[in-house]
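Position chain B against the provided structure of chain A, taking the given hints into account.
Protein chains: 2
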Amino acid sequence: MKSTAPSSGINRRVLLSTLALLPALSGPLLPDSAPAQTPGGLLQSWNEGPAKQAILDFVRATIDRSSPSYVSPEDRIAVFDQDGTLWVEHPMYTQVVYCLERVPAVVAKKPELRNVEPFKTVLSGNREAVAKLSMRDLEKILAATLTGMSVEEFNGEAKKWIETAKHARWNRPYTELVYQPMLEVLRYLRDNAYKTYIVTGGGQDFVRVYAEKVYGIPPEQVVGTAGGTKFGYARDGKPFLTKEAKLLLNDNNAGKAEGIQLMIGRRPYAAFGNSTGDRQMLEWTGAGSGARLKMLLLHDDAAREYAYGPAQGLPDSRVGTFTPALYGEAKKKDWKVISMKNDWRRVFAFEN
Amino acid sequence: MKSTAPSSGINRRVLLSTLALLPALSGPLLPDSAPAQTPGGLLQSWNEGPAKQAILDFVRATIDRSSPSYVSPEDRIAVFDQDGTLWVEHPMYTQVVYCLERVPAVVAKKPELRNVEPFKTVLSGNREAVAKLSMRDLEKILAATLTGMSVEEFNGEAKKWIETAKHARWNRPYTELVYQPMLEVLRYLRDNAYKTYIVTGGGQDFVRVYAEKVYGIPPEQVVGTAGGTKFGYARDGKPFLTKEAKLLLNDNNAGKAEGIQLMIGRRPYAAFGNSTGDRQMLEWTGAGSGARLKMLLLHDDAAREYAYGPAQGLPDSRVGTFTPALYGEAKKKDWKVISMKNDWRRVFAFEN
Numbered sequence: 004m005k006s007t008a009p010s011s012g013i014n015r016r017v018l019l020s021t022l023a024l025l026p027a028l029s030g031p032l033l034p035d036s037a038p039a040q041t042p043g044g045l046l047q048s049w050n051e052g053p054a055k056q057a058i059l060d061f062v063r064a065t066i067d068r069s070s071p072s073y074v075s076p077e078d079r080i081a082v083f084d085q086d087g088t089l090w091v092e093h094p095m096y097t098q099v100v101y102c103l104e105r106v107p108a109v110v111a112k113k114p115e116l117r118n119v120e121p122f123k124t125v126l127s128g129n130r131e132a133v134a135k136l137s138m139r140d141l142e143k144i145l146a147a148t149l150t151g152m153s154v155e156e157f158n159g160e161a162k163k164w165i166e167t168a169k170h171a172r173w174n175r176p177y178t179e180l181v182y183q184p185m186l187e188v189l190r191y192l193r194d195n196a197y198k199t200y201i202v203t204g205g206g207q208d209f210v211r212v213y214a215e216k217v218y219g220i221p222p223e224q225v226v227g228t229a230g231g232t233k234f235g236y237a238r239d240g241k242p243f244l245t246k247e248a249k250l251l252l253n254d255n256n257a258g259k260a261e262g263i264q265l266m267i268g269r270r271p272y273a274a275f276g277n278s279t280g281d282r283q284m285l286e287w288t289g290a291g292s293g294a295r296l297k298m299l300l301l302h303d304d305a306a307r308e309y310a311y312g313p314a315q316g317l318p319d320s321r322v323g324t325f326t327p328a329l330y331g332e333a334k335k336k337d338w339k340v341i342s343m344k345n346d347w348r349r350v351f352a353f354e355n
Numbered sequence: 004m005k006s007t008a009p010s011s012g013i014n015r016r017v018l019l020s021t022l023a024l025l026p027a028l029s030g031p032l033l034p035d036s037a038p039a040q041t042p043g044g045l046l047q048s049w050n051e052g053p054a055k056q057a058i059l060d061f062v063r064a065t066i067d068r069s070s071p072s073y074v075s076p077e078d079r080i081a082v083f084d085q086d087g088t089l090w091v092e093h094p095m096y097t098q099v100v101y102c103l104e105r106v107p108a109v110v111a112k113k114p115e116l117r118n119v120e121p122f123k124t125v126l127s128g129n130r131e132a133v134a135k136l137s138m139r140d141l142e143k144i145l146a147a148t149l150t151g152m153s154v155e156e157f158n159g160e161a162k163k164w165i166e167t168a169k170h171a172r173w174n175r176p177y178t179e180l181v182y183q184p185m186l187e188v189l190r191y192l193r194d195n196a197y198k199t200y201i202v203t204g205g206g207q208d209f210v211r212v213y214a215e216k217v218y219g220i221p222p223e224q225v226v227g228t229a230g231g232t233k234f235g236y237a238r239d240g241k242p243f244l245t246k247e248a249k250l251l252l253n254d255n256n257a258g259k260a261e262g263i264q265l266m267i268g269r270r271p272y273a274a275f276g277n278s279t280g281d282r283q284m285l286e287w288t289g290a291g292s293g294a295r296l297k298m299l300l301l302h303d304d305a306a307r308e309y310a311y312g313p314a315q316g317l318p319d320s321r322v323g324t325f326t327p328a329l330y331g332e333a334k335k336k337d338w339k340v341i342s343m344k345n346d347w348r349r350v351f352a353f354e355n
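Keeping their order, the protein sequence lines are chains A and B.
Under this note's numbering, the first sequence has 47 at position 44, and the numbering climbs by one with no breaks.
Under this note's numbering, the second sequence has 17 at position 14, and the numbering climbs by one with no breaks.
Okay, chain A solo, but in the shape it has when bound:
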């Protein structure tokens, strides 16, 4: 392992980009196309290889004014799936864990649900039975735990939970189970004027609760599955918004391209995913002109994380899957596949 230079408070990047704004100084010191540096080198948790190289090449090609693939800063949009792309999605989506763990509080408020399925099964604590719940049952649980309260109430509850809940395998908060190499990609893109978005099948409001702290991505740059809200007034005349069960955007599959149009309004230059749910997002990104980066993360590292999808030769029905067909499309269209095992020197920040 290389030793890394210590980080120096108000960092080198801010200083460099500041200097770049001073016409009198920037010319000879900092060519316009020089990518911003992070201490310890770019993408330091990545091994040298085609995946890392593809990212570096893409950024250089799109920020160099003399490049035929130059992209003006205001058009630099990069989109990232979340579950399985930015953080662990196994054995269950974090948001689903949240919803299951909220059931007792919901039943306490609505005791009539106690003996009604699927709430009864969830309250029983029988893990095997919970794991067998149908999609329809899960939807009922999601509706009961994610809607019917004000936006502020939901934010407060979700924030409290995410600050304390832990993943059983690592006994660490879910928010520590983000992939360090991907945090470096987010940072590297932002350092080069890319606006980074999460485009997730997960709930938009849920991810917005922690995205700024965990990924440096503000709420308005989180696109996700979204329900409507309803404006109303409290008795004292104060307005509030209630989260409704009405689905506005199912941000999966084709919905990801549609969600990008709705919420961003322009085509991304870079897209990162890991499953068939991200397929149309990568296709939509790739159909634009010029240099477009399309990457899929392959979970092939059972030791440090998990191995599933093509790495096991079988589809996994619980989570969005990286099917053989998607793998084939990636190969055919020259989408870059990131091997967790081979391309990542480090998976989590806490490893070292």
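Since the hints were derived computationally from the structure, they do not count as laboratory data.
Careful: at least some of the hints might be erroneous.
Where chain A lies over chain B, by a calculated footprint (3+ residues, C-beta under 8 Å) [claimed, not checked]:
#1 92-102
#2 199-211
#3 266-274
#4 284-291
#5 298-308
Residues of chain B placed beyond 12 Å of chain A at every Cβ, according to the derived structure [stated by the list, open to error]:
#6 ALA57
#7 ALA111
#8 ARG130
#9 LEU141
#10 TRP164
#11 GLY240
#12 LYS241
Here are the simulated distance ranges between beta carbons [as the list claims (entries may be wrong)]:
#13 A:ALA108 x B:PRO53: 44 to 50 Å
#14 B:GLU77 x A:ASP239: 26 to 32 Å
#15 B:TRP173 x A:ARG139: 57 to 63 Å
#16 A:GLU179 x B:TYR73: 27 to 33 Å
#17 A:PRO94 x B:LEU59: 31 to 37 Å
Cβ coordinates follow ideal geometry from the N, Cα and C atoms, glycine included.
Same frame as chain A, now just chain B:
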């Protein structure tokens, strides 16, 4: 009229904010709370008075770290209605003019509409008859001219139109009929790290076509009435998005607060409107804690623009109205009313 200092290329603001990033220099030269200056002074198209003062006071109170109303930069969100707030909405919303003028092209493609109402009336060119079309008829025209084509086709058509179409009264492009004082407010807020959004009852996709050029507001910061899109593949396998007639967000009245939640995900600190369609947006903004700026533009200047709403003592049924009830609510809640006649030294950039 005061003489104004000449603008100086790469401007003073960039230089000042650059200096502010250099710890060694910024301390004594530039206190953290100093508002960025624009050449010729702040808000130079505004007359001195309570409206201008309210804007200056709000910004100072929210950027000064020692102020009890200090707002951290990432939370600085300001929202602006468009029609009648940022540009002229009389005698007809610009987007409605666009839709009416698109009718011949739509009928050329679908000749079966030629003798069907309301298309027949529009093709007749009878202005009085067109002015009498019902809301239901207008909706048919909007659906026929704004949906059913790909996102790219629509953007291309709308862009071409907005670059050439002119307002009859001034014989100038609609994009020159933006209010210079409001452009200065947008700029002043952005100079102080506010993210500026348009939140319009108009079509999101339509406004996105020109918002960056006209207001300096990128597509992803335009929230408007939005329809769905549908992802599909062309014969060559290339993906495309078709604009659908399905309404996802009616960004008027309560829909403006709901749209802010959907697209931004946090409560604004400043909101500007001019009609009952903006009421809930101002209420939602005002219900937050700390300093919140709520402003309504009153059209009381028939000489330089128009006088309607409370200025005429009668509601105007064609456009979103500034009703006596809204005027009463503004007075009661201390929302600031901007008098176009008294508060604006200049209305349009082309005046001088």
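To see whether the hints hold, each was checked on the structure:
no.	hint	verdict
1	92-102	violated (count 0)
2	199-211	holds (count 3)
3	266-274	holds (count 4)
4	284-291	holds (count 3)
5	298-308	violated (count 0)
6	ALA57	holds, 22 Å
7	ALA111	holds, 27 Å
8	ARG130	holds, 34 Å
9	LEU141	holds, 23 Å
10	TRP164	holds, 18 Å
11	GLY240	violated, 9 Å
12	LYS241	violated, 5 Å
13	A:ALA108 x B:PRO53: 44 to 50 Å	holds, 48 Å
14	B:GLU77 x A:ASP239: 26 to 32 Å	holds, 30 Å
15	B:TRP173 x A:ARG139: 57 to 63 Å	holds, 59 Å
16	A:GLU179 x B:TYR73: 27 to 33 Å	holds, 31 Å
17	A:PRO94 x B:LEU59: 31 to 37 Å	violated, 56 Å
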